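Put together the whole structure using the sequences plus the hints.
For the sequence shown, numbering that gives the first Met the number 0 begins at 0 and goes up steadily by one.
Possibly wrong hints are sitting among the right ones.
Quick list of simulated restraints, FRET-style, between CB atoms [as the list claims (entries may be wrong)]: (1) Asn28 with Asp167: 49 to 55 Å; (2) Asp163 with Gln21: 42 to 48 Å; (3) Lys51 with Ala75: 45 to 51 Å; (4) Thr157 with Asn28: 39 to 45 Å.
With a Cα cut of at most 25 Å, we get these calculated BS3-like pairs of lysine-lysine [claimed, not checked]: (5) Lys74 with Lys127; (6) Lys27 with Lys124; (7) Lys35 with Lys51; (8) Lys74 with Lys51; (9) Lys54 with Lys67; (10) Lys32 with Lys117; (11) Lys127 with Lys27; (12) Lys32 with Lys74; (13) Lys182 with Lys170.
Just so you know, these hints were derived from the structure itself, not from any lab.
Please read these numbers as outputs of a predicted model, since none were measured by experiment.
Positions of the beta carbon are idealized from the N, C-alpha and C atoms, including for glycine.
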Amino acid sequence: MTVNKKNRPAPSQTEQNFTPVQFNYEGKNIDFKDQKGSVLVNATQMAKLFGKTPKDWLRLQSTDEFLKALEESQKADVPSGLFQEDGNLVQVVNGGNNRGTWMHEDVALEFSRWLHPKFAIWTNKHIKELLLKGSTAISQQQKGYPPLPPKRNHNRLTTTRLLDIMVDVAKIDDADIRLSLTKKLGL
Numbered sequence: 000m001t002v003n004k005k006n007r008p009a010p011s012q013t014e015q016n017f018t019p020v021q022f023n024y025e026g027k028n029i030d031f032k033d034q035k036g037s038v039l040v041n042a043t044q045m046a047k048l049f050g051k052t053p054k055d056w057l058r059l060q061s062t063d064e065f066l067k068a069l070e071e072s073q074k075a076d077v078p079s080g081l082f083q084e085d086g087n088l089v090q091v092v093n094g095g096n097n098r099g100t101w102m103h104e105d106v107a108l109e110f111s112r113w114l115h116p117k118f119a120i121w122t123n124k125h126i127k128e129l130l131l132k133g134s135t136a137i138s139q140q141q142k143g144y145p146p147l148p149p150k151r152n153h154n155r156l157t158t159t160r161l162l163d164i165m166v167d168v169a170k171i172d173d174a175d176i177r178l179s180l181t182k183k184l185g186l
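This is the structure in structure tokens:
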């Protein structure tokens, strides 16, 4: 099992500038962050929702077996010599803005299953969304604001606008200019 404990009295420059993405689960925020193309989840915040601690789960023999199997799997998926040992599955950060136990996405999913099945589904959904989109949509209603109006694409050439332009082009006396504009419009 790879557990990295970082005891820092003051947050590093990276931590000071870093703002995790927060998702709300039953009124409580859970922090998610991107690290080298993987998602890390704040397990301390996750566990607190259910009156548990990450330490309780990390002490289990089944957890140790899972972490070892996951490490072996990750090493097998990467060509020899390219696996970096600093890609820790569980990181404990004491102090700073991002304190707590942070778990790699695969570990966070297994941990969330231990916490509660419905919570595991919620966690899986948000990890997938972050991996696929690089961000996730948080509706205005979830934030407590009224919904935003639909976004408009001001660069889009609508049919009505195209007809107006065609009428204006037809009014041009010079045939060469008229032909040039017609070609530029793709007509």
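Structure-based check of each hint:
1. In this structure the supplied range 49 to 55 Å holds for Asn28 paired with Asp167, their Cβ-Cβ distance being about 54 Å.
2. Asp163 and Gln21 have their C-beta atoms about 46 Å apart, which keeps the hinted 42 to 48 Å range intact.
3. Checking the proposed 45 to 51 Å range against Lys51 and Ala75 shows it is violated: the Cβ atoms sit about 31 Å from each other.
4. At about 41 Å, the beta-carbon gap between Thr157 and Asn28 stays in the expected band of 39 to 45 Å.
5. Proposed proximity of Lys74 and Lys127 is supported: the alpha carbons are some 22 Å apart, at most 25 Å.
6. The suggested pairing of Lys27 with Lys124 holds, with an alpha-carbon distance near 17 Å, which does not exceed 25 Å.
7. This hinted pair does not check out: Lys35 and Lys51 have alpha carbons roughly 29 Å apart, beyond 25 Å.
8. About 31 Å separates the Cα atoms of Lys74 and Lys51, which puts this hinted pair outside 25 Å; it is violated.
9. With a C-alpha separation of about 17 Å, the suggested pairing of Lys54 with Lys67 holds against the 25 Å cut-off.
10. Restraint check: the Cα-Cα separation between Lys32 and Lys117 comes to about 21 Å, which is no more than 25 Å; the hinted pair holds.
11. Annotation: proposed proximity of Lys127 to Lys27 holds, straight-line Cα distance about 20 Å (limit 25 Å).
12. Distance restraint check for Lys32 and Lys74: the Cα-Cα separation of roughly 23 Å lies within the 25 Å cut-off, and the hinted pair is therefore satisfied.
13. Annotation: proposed proximity of Lys182 to Lys170 holds, straight-line Cα distance about 16 Å (limit 25 Å).
Hints 3, 7, 8, counting from the list given before, are not met by this structure.
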